[in-house]
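Put together the whole structure using the sequences plus the hints.
Chains as they are written, first to last, in my numbering: chain A, 2 to 169; chain B, 17 to 498; chain C, 628 to 978; chain D, 441 to 641.
Derived from the structure by calculation, the hints contain no laboratory data. We put the CB at the ideal spot given by N, CA and C, even for glycine. Treat each hint with caution, since some may be false.
What the hints assert, rightly or not - Under the rule of at most 20 Å between Cα atoms (straight-line distance), these lysine-lysine pairs were calculated in the PhoX-like manner: (1) B:Lys52 / A:Lys163; (2) D:Lys461 / C:Lys958; (3) D:Lys460 / C:Lys958; (4) C:Lys784 / A:Lys163; (5) A:Lys163 / B:Lys119; (6) A:Lys163 / B:Lys117; (7) A:Lys128 / A:Lys139; (8) B:Lys52 / B:Lys119; (9) A:Lys163 / B:Lys49.
Claimed, not checked - Selected chain C positions facing chain D (in silico; Cβ < 7 Å): (10) His675; (11) Val678; (12) Arg679; (13) Leu680; (14) Val919; (15) Thr943.
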Amino acid sequence: MEQIFFIGFAVLAIVSALAVVSLRNPVHSALCLMVCLFQVACIFVLLRSPFLAVVQIFIYVGAVMVLFLFVVMILDIRKVMLGSLVGKRSGFVYAIMPLVTLEFLLVIFKGGLGKVASNIPSGEEVKVAVIGKELFTKYLFPFEVVSILLLVAMVGAIVLAKDRDEGA
Amino acid sequence: MMIGINDILAILPELIVAGSVCVLLLVDFLIGKENKALMGYLSLAVIFAAAIATWSMTRSGSLPVDAFNGMISVDKIAVFFKVIFFIATALTIMLSLSYIKDKNINLGEYYALLLFSLTGMMITASSSDLLSIYLGIELMSLPIYALVGFRVRDGRANEGAMKYVILGAFSSAVMLFGISFIYGLTGTTEISGIAEALRSADAQPAALGIAIVMLVAGFGFKIAGVPFHMWAPDAYEAAPTPITAFMSVAAKTAAFVVFVRVFVDGFAPIVEQWQLILTVLAILSMLVGNTVAIAQTNIKRMLAYSSIGHGGYALLGIIAATPEGTSSVMFYLLVYAFMNLGIFGVIVMMNRDKSGGELITDYTGLAKKNGALALVMLIFLFSLAGIPPTAGFMGKFYVFMALINEGMVWLAVVAVIFSAVAAYFYIRVIMLMYMKEPEREFSYARPLSVLIVITISLIAVILLGVLPDRIIELAEKAVGIL
Amino acid sequence: MFELADITTFIVSISVFLILFVKVYVVAAVLFSLPIPLTWIERKVAGHIQVRLGPFTVGPHGILQPIADTLKSFSKEDVIPEKADRLIFILAPLIALVPACMVFVAIPFGESVTIPYINYELTLYIADMNVALLYILAISGLGIYGIIFGGWASNSKYAVLGGLRSAAQMISYEVALSFAAIGVVMLSNSLSLVEIVKSQAGGFWNWNLFYLPVGPVWFIIFIIAGIAEINRIPFDLPEDEGTLGAGFSVEYSGMKFAFFPLAEYIAMTTVSILAVLMFLGGWNTPFPGAPVVPPIFWFGIKVLAFIYFFMWTRFTFPRYRYDQLMTIGWKILIPICLVNLLVTGFMRILL
Amino acid sequence: MKKGRNVSRKIEGGLIGLLKKIFFIDLLTGMSVTLGYNLGKSITMRYPHEEKWIPYPRFRGVHTLNRDDEGRELCVACELCVAACPTDCITVVPEEDLTGRGIADRVPKVWTVNLVRCLFCGYCEDACPTTAVRLSRDYELATTDFSRTVRNRDELLQPPAIPETVKGGVVVEARYDKKNMKVRANMLRQKDWWKSKLNLG
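Below, the structure is given as structure tokens:
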């Protein structure tokens, strides 16, 4: 049962991810990206971490994509311009894509993935309290660095967008 | 699992820098538009304080210190690299003091972003976990993205910054993917844990190869190694000149810390797997960097390619995968910091008028007009080319020695050949300066701060070239040879 | 051969599945019929606040008016503008409606009731997730895509402007809304709505609303952000009649158009229910000494009061200007949230 | 100087204003007003089903042609109303009549008014020397039949629905006669009914 659901979500995620890069219209791409992120959230549920799934929807599907759409709608990319966005060497890209896929598949099925791993997480559902505790003890340092990172992003964005009287 | 005072003390220098930037951002509001240089002086004070904190850590003799449940490990290598970061950032700030006023981009956030970037580098240097390494690298890169595009009214700056941001984000994604592979394969992100897991594994899964390729791609982007170098010339040209210097010195050094940590330490058990990939990367970098530089007309682009080439040389020390190799990389990067900052100092001086100092032909006949400046430039160029009495030669010498001691003589020979090629375009500039008649009047910016930077760099380049023993000794102590 | 035990487990699992199915069915039926009383109530409230009578013709006191409206919507011509993006134009109303309904999976309407005769304890919720609150906030945030996509696909400048405004508004107010939710989580120590309600049992002085001084502040922030989230006056800039015609829905007609108000009503109910669960003690009685009435009664009363409150504000306040909206969101609500979060944290630790 | 004074006033207003903002005083005032309306009585007139407005006598509605106490037509077909009409909506064709139909031997053979053109200015009323033409208080002119827009003499001679004696300015009970599409006000059945309505306010 779970396997069936996983395959469903995974296939849909991959198909929508392919659609994101192959569709010409940026809004359609954004829609597909939403679908893709949503499927990933569903896979998180299957992996017994509903918190991560919900946060994925909350932040990526709920907030980040809204900003993407906001920008896309303001940019108003017309069909003429879309042609120029797709590079001339796309044939090369299309040739490489199946190769990379093949390589990955080979590695995954022939390469003995996970032979080194020693501590595979158990199938228990992860409680929010546990995540919180880990975040503020074991992962406190990365957590704080991330907060500085966000501050930097904010400062940088404001500096670049700020109105200033600068001679050329 | 609780966080104690020892953890805080271990990251005291980082805390000093990060905390004071937040204060500086507020102080910036109180400072008038004309006095933004004050922000620069305050930033220098912050760096000085952080340097003292770092120094006192080495004095206390408690190194290496592990903190934050294995996220942070401050050892002597970290301290050595941090010193390079302090020097690079401080000199960059001194170069910027007059430059950003001249170019009318006189904003207090400029210094704040530089200090944020410094924080990221320091975190990278003292990290012992892939997670904090990644975050450190991002924290280093984000402010640089903003600084590259700092001249927002300049179309060229926008283009360069845009390329840098998009490719940078892409490389970060690849890097993260690689990290997740490593986590999946070994079950840990801690570098010692990774080494442990790899050592105890009976067979190496092929997926590890993919992970290594991805990590090389991600980190290779940060050192602008070929074929991940496409952004470098555009971004170097786009950025304000002091930032170009900062990128080519500090950001690159930080990426090399990662190579030392992840590859030399973490992937030590599988050295054969990554040595080949890095060798290809190094040879390509030296090839492309040194040959394409010949065709450049803009001196910043030329230095960008030269920087790519130097990245290749420094990688050789990593490829040696021995403590000796590591120490040679550390020394090389220190030398590179001084000579590159010095030459950018000269360019900043020449940047006085609008187009001046950007094109190589702008230096035509400089020797006739200003002999001292031309001589300084000559010394830095000799150093970059690796000509004996200068530090550049010593840097290369130690890297090659490390290679030869490991038995990779052919690689050392290849590198020497590329050095010879590189000498061509450095000496071309010297030819223009000394052999041609001046075509125009020069006007220089000669604020005291830039002169100080050039003087410091000059002294360092000559001293390290003539008497490198003490610093080499420090580096070797750091990696534990002595 | 089947053992008896096998058959009983089979029956039990089938019945569990059936009960779940019935629950989902009932909730869905209630949700889709919800707009019928709500539109009537809203129009009546609107009428009386404007000293009018509201609908009066169809049925006694116009009670059949919503049905007439529905029939009209069904029978209207379904226009799709020529240069619209057909697929997204058709999808958008669904995208608006589906998340609004999905939310109800996690909403508890009461703890449980014991069915007489068969002695079966029936829980009054479909699922008690341990991340229910986050789930509801996350999913209800998706409804905004209906508006954004609808506005974009219409290929009309007013519609696009409506969509843009909606996007910016949602980003600004989602933050405050989440902060209010975090405040409640800190007060109740759980993300599960059932647990949150349980923590407020025993009289109205135990409600999160009356956790002085931070409770009322969270409550007000939640209400303001909630109104902005569901795009109702005074924050209904996406459909600002004054400047945008009808905003994002200007090109829609017939049943496709009807889906948007439908989603809005369901979202309004969601926010009301959330406010009741988070701040007003859910189905707990406010006066423990009073005669016992079924908990669902209290729940219904409180939710209805909230729905009335939303209608009341809608017909009282003028619409905010766009820059005022942004100012309220970023410069007032979020700083207050941050300060309040600190105060709440200290109170939880020290008291 | 001026600026400084403004600032100080702003702070004063600002303090009170701030308190007002914190406790949502203005918003609550507004909400109390609307709540009052919500609970109060509606002023909607359920015309035509239950109520009907009776205008004041000065209201100018459809024309009527009056008779004298003995039932003779007051109109003498002098055509002064036609002359006075700014929109030329009145048509009068005189004829000689000796049967005593009118008060004089000259009576209108045709007296029609086109209500689509008429602007109810009342000039005809003023021009009439015999007070034969009056504007009544009938205002239900909507029709689906275009021929109904021209009223002829026989219709106009009918007494108006609202007699002149009724004071007006009141709402009376009414019902809608679906068959004839007419609003029937039953004010005449109940004497002084409107007065009690008036007292109610």
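The hints, checked one at a time:
no.: 1; hint: B:Lys52 / A:Lys163; verdict: 17 Å, holds
no.: 2; hint: D:Lys461 / C:Lys958; verdict: 14 Å, holds
no.: 3; hint: D:Lys460 / C:Lys958; verdict: 18 Å, holds
no.: 4; hint: C:Lys784 / A:Lys163; verdict: 28 Å, violated
no.: 5; hint: A:Lys163 / B:Lys119; verdict: 17 Å, holds
no.: 6; hint: A:Lys163 / B:Lys117; verdict: 18 Å, holds
no.: 7; hint: A:Lys128 / A:Lys139; verdict: 16 Å, holds
no.: 8; hint: B:Lys52 / B:Lys119; verdict: 13 Å, holds
no.: 9; hint: A:Lys163 / B:Lys49; verdict: 15 Å, holds
no.: 10; hint: His675; verdict: 5 Å, holds
no.: 11; hint: Val678; verdict: 5 Å, holds
no.: 12; hint: Arg679; verdict: 5 Å, holds
no.: 13; hint: Leu680; verdict: 4 Å, holds
no.: 14; hint: Val919; verdict: 30 Å, violated
no.: 15; hint: Thr943; verdict: 4 Å, holds
Going through the hint list in order, the structure does not satisfy hints 4 and 14.
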